[in-house]
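Since the structure of chain L is provided, determine the placement of chain D on it from the hints.
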Amino acid sequence: MLFPTILFAVFFGLVYALQWAMASRPELRKRFLLVASYVFYGAWDWQFLGLLAASSLVNHAAALALARREPDRRPALLALAVAFNLGLLGFFKYYGFLYVNAAGLCGRLGAPCPLPPLDIVLPVGISFFTFQALSYVLDVARGQLAPAESWLDFALYLAFFPQLVAGPIVRAAELFPQIARPPRPERLPTGRATVLILAGLFKKVVVANWLASELVDPVYDNPELFGRWDALLAVYGYAVQLYCDFSAYSDIAIGVGLLLGFRLPNNFDAPYLASTVQEFWRRWHISLSTWLRDYVYVPLGGSRGPGWRTSANLVLTFLLGGLWHGAGWNFVFWGLLHGVYLAIERAVWARRGGAAKAAATRSPAVRLALALLTFHLVGLTYVFFRAPSFGDAGLLLRALLTPASSTRFTPALAAVLAAGFALQWLDGGRSLRLAAGWQRQPVWLQGAAAAAAVAAIFALGPRGVAPFIYFQF
Amino acid sequence: MRASPPFAITPEPGLDRRRTHLLIAVFYATAALLGGPRLERAASHLEYGHPLRPTALAAARPLAEVARAVGLDRPLAALEAWVDRIRSAGSGPAAPPSAPLAPPDPAP
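Which chain is which? The protein sequence lines are L and D, in order.
Counting from 1 along the first sequence, just add 290 to a position and that's the residue number in our numbering.
So in our numbering, spot 57 of the second sequence is number 41, and the numbers just go up one at a time.
These are calculated hints, taken from the structure and not from any lab test.
C-beta atoms are modelled at their ideal positions from N, C-alpha and C, and glycine is treated no differently.
Possibly wrong hints are sitting among the right ones.
[Claimed, not checked] Part of the chain D face toward chain L, derived, beta carbon under 8 Å: (1) Leu(-1); (2) Asp0; (3) Thr14; (4) Ala15; (5) Tyr32; (6) Pro35; (7) Arg45; (8) Glu64.
[Stated by the list, open to error] A few chain D residues that face chain L, going by a derived Cβ cut-off under 8 Å, partial list only: (9) Arg1; (10) Arg3; (11) Thr4; (12) Leu7; (13) Tyr12; (14) Arg22; (15) Ala26; (16) Leu30; (17) Leu41; (18) Val50; (19) Val54; (20) Val67; (21) Ile70.
Looking at chain L on its own, in the form it has when it is part of the complex:
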């Protein structure tokens, strides 16, 4: 069930009305929201509902058992819980990758492949809910979080439908209190919710879909047919498409959550205005980068050791981050590039000193130059993220060096690109000002204007709605 569809509009209307009708009966409301979330997930493939329920049961039982044990007796059980989660992820997401590579290697060595070929369907959202489950058991094992009061609370945390299939990756400490307490908000931030949902729909339906169908897909599908200007446009186009596609999902998820009385964390904060790669990762997919920091980078030693050790930790963390995105060497290489960028950046600034960095980033001209450099460095990594294989990525990089005039550029395309880039302005808390202005209007006008805006958005976008890019992760 995709957000920008009639089916979701009907589903959300029903869930909204019924869950607020149950507001005075919190347990019933929780049960209803869990059922609604399972219906939402089951709309893709009901067979995976068992997987989601099993993950909830096993992780809740593990957390309860961990909390009952003394801290020194927790590691073995924690290792089992982590192995269960990684095993699920490994089987469904990485078995095919492992099999292809093992079969290739065995073929070269002339040996039979020890792994049987299996036709495994990737359950949508498994990377997101598995990371949420992992953070829960790890936080309980560290003594930083009390286990959920009931399986229902934990199951709803794991399956809460607005963020179930593509994030933000919410920590249990953020959502548990909101699930546990009866929803009695005096005022709902409808202005912010409306701005986020409309911005999300515009980003996805108009900008991302337009860029995909008019520029990115044609060039990336046949890079050998295009020259440097179209290839460069496609690299820029994919950067904007990916941002608009993914942040749209987060925006709509946060907006929908607000209308249901829940607050989900921000996931984007104008990432392409970052003046360093480190800053980019503070602004892009924030819930994943903080997850990787807390559960991979810091346990590896973080930045506590010598410089080479910190660099190794960064590279390893981002290799895993790349692998999280997809079971393919192109994603691993994408992660490796980011890890290497961060290690080099850290070394450069360490040599120049913290004061030099502060002075450089205070100057608007230097900040702009650094932001342009960062955007292009990140854009280069997207070539490997988007291209289906290294061969295709190589063809696109070669196209970047091939002289030819542009066949894809149009003023409309430039306007869509610029609009997608400018929409970053709404990230973070900046939408609040717009929301406050919106909310000063009469209620009937807000409702009618939002409906008119949605209708206009669907008239502006291409026919049909492509799935969100991050659904495949």
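The following block gives chain D in isolation, referenced to the frame of chain L:
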């Protein structure tokens, strides 16, 4: 990497629940009217034999008729025609067939 700012807990302007419900109701009613012709088109594109087709058509047709009767369909039709003109003018000569989007998905 540093901690993301936690979700905003600062007081935000907002509506009380009753007025929020009113807003949502106005939104759905207006969207149904404005999108009536599009809903009808989406319903008619459902396969014959699809269990939702008769219900979807029965719900969408009156909305589309009301929208046409009061002229609510005209602005969106003009907008769609404008977008189609831009898209057809912008398709480059070397455009190989791109991967199609997902099958037509009923969108409001």
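Going down the list of hints, with the structure as the test:
1. Leu(-1): holds, 5 Å
2. Asp0: holds, 6 Å
3. Thr14: Result: holds, 4 Å to nearest chain L Cβ.
4. Ala15: Because about 4 Å separates Ala15/D from the closest Cβ in chain L, which is inside the 8 Å limit, the hint holds.
5. Tyr32: Violated. Min distance 19 Å.
6. Pro35: For Pro35/D, the interface hint is violated, since the closest Cβ of chain L sits about 13 Å away, which is over 8 Å.
7. Arg45: With a closest approach of 15 Å, the Arg45/D hint is violated.
8. Glu64: Where the cut-off is 8 Å and the nearest Cβ of chain L is about 5 Å from Glu64/D, the hint holds.
9. Arg1: holds, 6 Å
10. Arg3: Arg3/D check passes; min Cβ-Cβ to chain L is 5 Å, inside 8 Å.
11. Thr4: Given a least distance of 5 Å, the restraint on Thr4/D holds.
12. Leu7: Holds - the Cβ of Leu7/D comes within 8 Å of chain L, reaching about 5 Å at its closest.
13. Tyr12: holds, 6 Å
14. Arg22: Hint holds; Arg22/D Cβ to chain L Cβ min 7 Å, cut 8 Å.
15. Ala26: holds, 6 Å
16. Leu30: violated, 11 Å
17. Leu41: violated, 13 Å
18. Val50: violated, 14 Å
19. Val54: This interface hint is violated because 14 Å lies over the 8 Å limit.
20. Val67: Interface hint status for Val67/D: holds (6 Å vs cutoff 8 Å).
21. Ile70: holds, 5 Å
Violated hints for the displayed structure, listed by number in ascending order: 5, 6, 7, 16, 17, 18 and 19.
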